[in-house]
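**Student:** Since each chain sits alone in its own frame, please combine them into the complex, following the hints.
Protein sequence lines, in the order shown, are assigned to chains V and P. Per my numbering, the very first residue in the first sequence carries number 1; after that it's consecutive. Per my numbering, the very first residue in the second sequence carries number 1; after that it's consecutive.
If you are wondering where the hints come from, they were derived from the structure by calculation, not from laboratory data. Cβ coordinates follow ideal geometry from the N, Cα and C atoms, glycine included.
Quick look at which bits of chain V chain P covers, simulated, 3 or more residues with Cβ under 8 Å:
{"no.": "1", "stretch": "3–15"}
{"no.": "2", "stretch": "86–99"}
{"no.": "3", "stretch": "163–175"}
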Amino acid sequence: MIEPMDFLLWVRGSLFDVAVTVFVIGIIIRFFEILSLGRSKDLAEAKGTEFVPGIKTIITRTLPEQGTFKRQPLTIIAGYVFHVGLLVSLVLFIPHIELFRQTFGFGWPGLPNPIVDAAAVLGIVGLLAALWNRITNPVMKILTDNEDYLVWVLTFLPMITGYLAYHRMVNPYPLILGLHILSIELLMVFFPFTKLMHTFTLFLARWYNGAMSGRRGVES
Amino acid sequence: MTDRKAETLGAILRKNGVSRRGFLKFCTTTASLMALPPSWVPTLALALEQARRPSVIWLSFQECTGCTESLTRSHSPSLESLIFDYISLDYHHTLQVASGTAAEAAREQAMHENAGKYLLVVDGSIPLGNPGYSTIAGISNLQMLKETAKGAAAIVAVGNCAAFGGLPKANPNPTGAVSVSDIITDKPIINVSGCPPIPVVITGVLAHYLTFGKLPELDQYNRPKVFFGTSIHDRCYRRPFYDKGLFASTFDDEGAKKGWCLYKLGCKGPMTYNACATAKWNQGTSWPVESGHGCLGCSEPDFWDAGGFYNALSIPIGDVSRNTAYAGAAGLVLGAAAAGLNRKTKAEAVRNHGKVSIDDLEKPS
Ligand code: SF4
Chain V
1 MIEPMDFLLW VRGSLFDVAV TVFVIGIIIR FFEILSLGRS KDLAEAKGTE FVPGIKTIIT
61 RTLPEQGTFK RQPLTIIAGY VFHVGLLVSL VLFIPHIELF RQTFGFGWPG LPNPIVDAAA
121 VLGIVGLLAA LWNRITNPVM KILTDNEDYL VWVLTFLPMI TGYLAYHRMV NPYPLILGLH
181 ILSIELLMVF FPFTKLMHTF TLFLARWYNG AMSGRRGVES
Chain P
1 MTDRKAETLG AILRKNGVSR RGFLKFCTTT ASLMALPPSW VPTLALALEQ ARRPSVIWLS
61 FQECTGCTES LTRSHSPSLE SLIFDYISLD YHHTLQVASG TAAEAAREQA MHENAGKYLL
121 VVDGSIPLGN PGYSTIAGIS NLQMLKETAK GAAAIVAVGN CAAFGGLPKA NPNPTGAVSV
181 SDIITDKPII NVSGCPPIPV VITGVLAHYL TFGKLPELDQ YNRPKVFFGT SIHDRCYRRP
241 FYDKGLFAST FDDEGAKKGW CLYKLGCKGP MTYNACATAK WNQGTSWPVE SGHGCLGCSE
301 PDFWDAGGFY NALSIPIGDV SRNTAYAGAA GLVLGAAAAG LNRKTKAEAV RNHGKVSIDD
361 LEKPS
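Extracted from the complex, chain P is given alone in its bound form (with noise of 0.2 Å):
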């Protein structure tokens, strides 16, 4: 296991099998997708070559584990996979072999090894209502986040529940759930957000953190700025119909043949930032809006509580109709009463009213 460690990641490479060319088409395309010039590309190869695999702890709190899907089996076999292979990968309940004592195990003895220098990643949130709400080996997940947090070198939130609290707290949130910079406050904390995220994306900021032994660029919200620096609206391939003013009104019209807008099926894609529309899912297949759905906006925080997902994003998130006919109702109600005090008002003025004729005008006074 140590000695493995020590092993520089172009060594490991090599031995299992992966050419040279393979390798440089990895770091073309992860410098690519960091928005590094192609000059950057040797610098990068040799950096990765040459980086000892750090120890990674992977903890899953409030989660689907769609995250970890995401990252292991969408890519699986591809370089990006064997890179996270790469690292060490000291503990992820879900993938590890060992559980209970063994894997609590192996948890400390990563922490005490490598304290102070390994990276920890984290998806799920974490409840605060009720510490029995989710537990592992009995350890709350609050308690297991700050232990483990001390050591760390950094930290990254993977999935929109370790980055913003994500579906364990939307509306209305009966676990109390939290994120884990709501948490820990004194790491350095990158959320990799996404519902899930992109597995390129995770492995990037893996190999951004390799190659240059800090973290990237981060934006307002803690995302790396080079995969969600551009929203998903001005990179999206439809963007012209939307201009252009030709939107798909249902799933299968007219429109929706031919590709237009999804903006009217509630598309999110003005107010996300992420990096669908380049990077792509499932190996570059395809992502939502070029399968013809709607962005959802997953990125964001509290995008489940941001309105229906296939009313348009310029619809409020309440009801609206409801909202205007019950103040209709209450105008109405409220109209009637004034009408009432004015009939009274016009009732009296006709009772007072006097008559003068001239006689009474010429009168002097």
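Here chain V stands alone, though its shape is the one from the complex (with noise of 0.2 Å):
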């Protein structure tokens, strides 16, 4: 059986190293290929202007469409909830930052942990009611795929892990830490390769629908 101390050890070492190595390579290689894949050059006429259309797309998506709202207003909830819930405890929280620091050599100031705590379980709320949402609603059963739930499950189990953590709910300690560090390592060896990506491309996505449909002079 391997004890915890020696598992905290082993994720909190090696396997960490492996982790960012698959991460890193991962996500250049991903950007080299989107920005080197080489669209065939469009020899038609240009009806309208590439720039405005495309930072006006950036900001379009990233607030609520009316239409959508209304029709699938859990989607919207349950996707900013989570996502402002993840991002405030992957980067607010302060020993999260320390690893930041240690890596990059610069830090930001944190939140104090209850705030974090709050964000935390809202996070895990809506990636919850997102998963239901998936499931129950008709239409996005239909639109998700495996994958859909594969990445629901790497996003979910750093989550509900560093939870069980922060709180010390499970004994020895060590064990639960290191299962929290191992899911996260999980996620980033899958991340470059699956829609996981989205984190980094979004804006680059939205830039590009948007500059696409401004040359051919329709709204995006």
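**Tutor:** Set out below in structure tokens:
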């Protein structure tokens, strides 16, 4: 049997090195791939500009769209609640900031733990609501494929283990801290090769949609 | 020698001028440390009074004598050390006067006379790499441990080295150091870990053994649950600051002066199970976190290899910065290669681009 402390040392040690390597190499290659993809040249005459519509789409796609909100309120609400909760607990929790500081040489101020804790709860609830929506809403169900369930699990595990670790609800602590770190390593390894990549590509994609539509003279 | 052994602990203490009051005070402290209810104090006192001094053989292997220092010096002269005096410490090569053959003879005599009954206390790890790395009177640590363990009623592994391998076992472990439980598997072993362990925890374990005639309840690392059952973090008086998100960032900033949480300065309290926060050190004067330094995690296995002492627990053990930079460089090279391939495909597409006119399209095919 592997002891909790050995396990913690392993996930904080060599396994983290592997995960970071896959994560960084994977993301960079994906970016090169996307940027150098080489769309064939558009020979048609441009009917509008690219820049302004590109920027506009980045904004409009970031804000909830009226029609969708009326038809699928849960999709939008759960989406926002989850993303805000996740971001706050990821980048404003002091132990996480210490990791960034160690990696990049700089950090930023964090939030008091109870606030981060509340954000984490919102994140978890949002994620559960999103899953509920995917399963019960007939349209969402059709749109959901296995990859969606995979990335849901990959995102949910770090949040729930982080919550359990922070509240020290599992004994011994090294076990739950180790599981939390392991779940993040899983996330990092799958990240570049799944739609989790949207974390980095969302604005690029929105810009591209807007710019292409602008060039063709249609609204996006 | 044999006479004194037959005497009860109570008689010996009285002879040495220890008052009943002082003795009961010791019992109360020990009972509360062992998490026994106050109603147990008379039972504990009675049992201790009537206990006969068990023979104890103390073996020191690859160690720094810090464990012995902790036990004998810091609390001396206290009741704890008296109790320690009044076990029959038949062999301890640092403390005993005899040396060489005479010392070894004492060990053999104790083993022989108390076969099956003596307590074996070990501090220090055992080198398996080469028996010559550590020997006593020409006997290798491994051989001495095996020999002495054979007739022991139980073994107490004192300190991180004996319990888990400790500093000698730290990466790259040049001597092939292992813990006592890596070698002895057929005896009850109790690990009193720490670097060094808290003196009162050592005496508490011995008192428990004297009182109940058996070892206390142990956790998954064979550590007595009464002392190692809760984490430092859960008993830490700086915990409210952790919960409020108030941290010292350097050892002399405003936060440090105000006594805020030491997490950012590398405190390993959240992963460490020990009694420092309640038992404290130096006769209850203070303990590491109280004196302003983070917990090193010294009662946990392999704490030397658990990342920098001054790095927050959330920071991975390896050099993340360097790994990220290397991975980044590798990613750039691979990415550039992929982009090169894409360029080639694109260039080919441009070359093969044919023009189609309306007339071409209207032609019947
Ligand atoms: S100082 Fe250490 S043990 Fe105390 S609350 Fe902070 S992290 Fe926990």
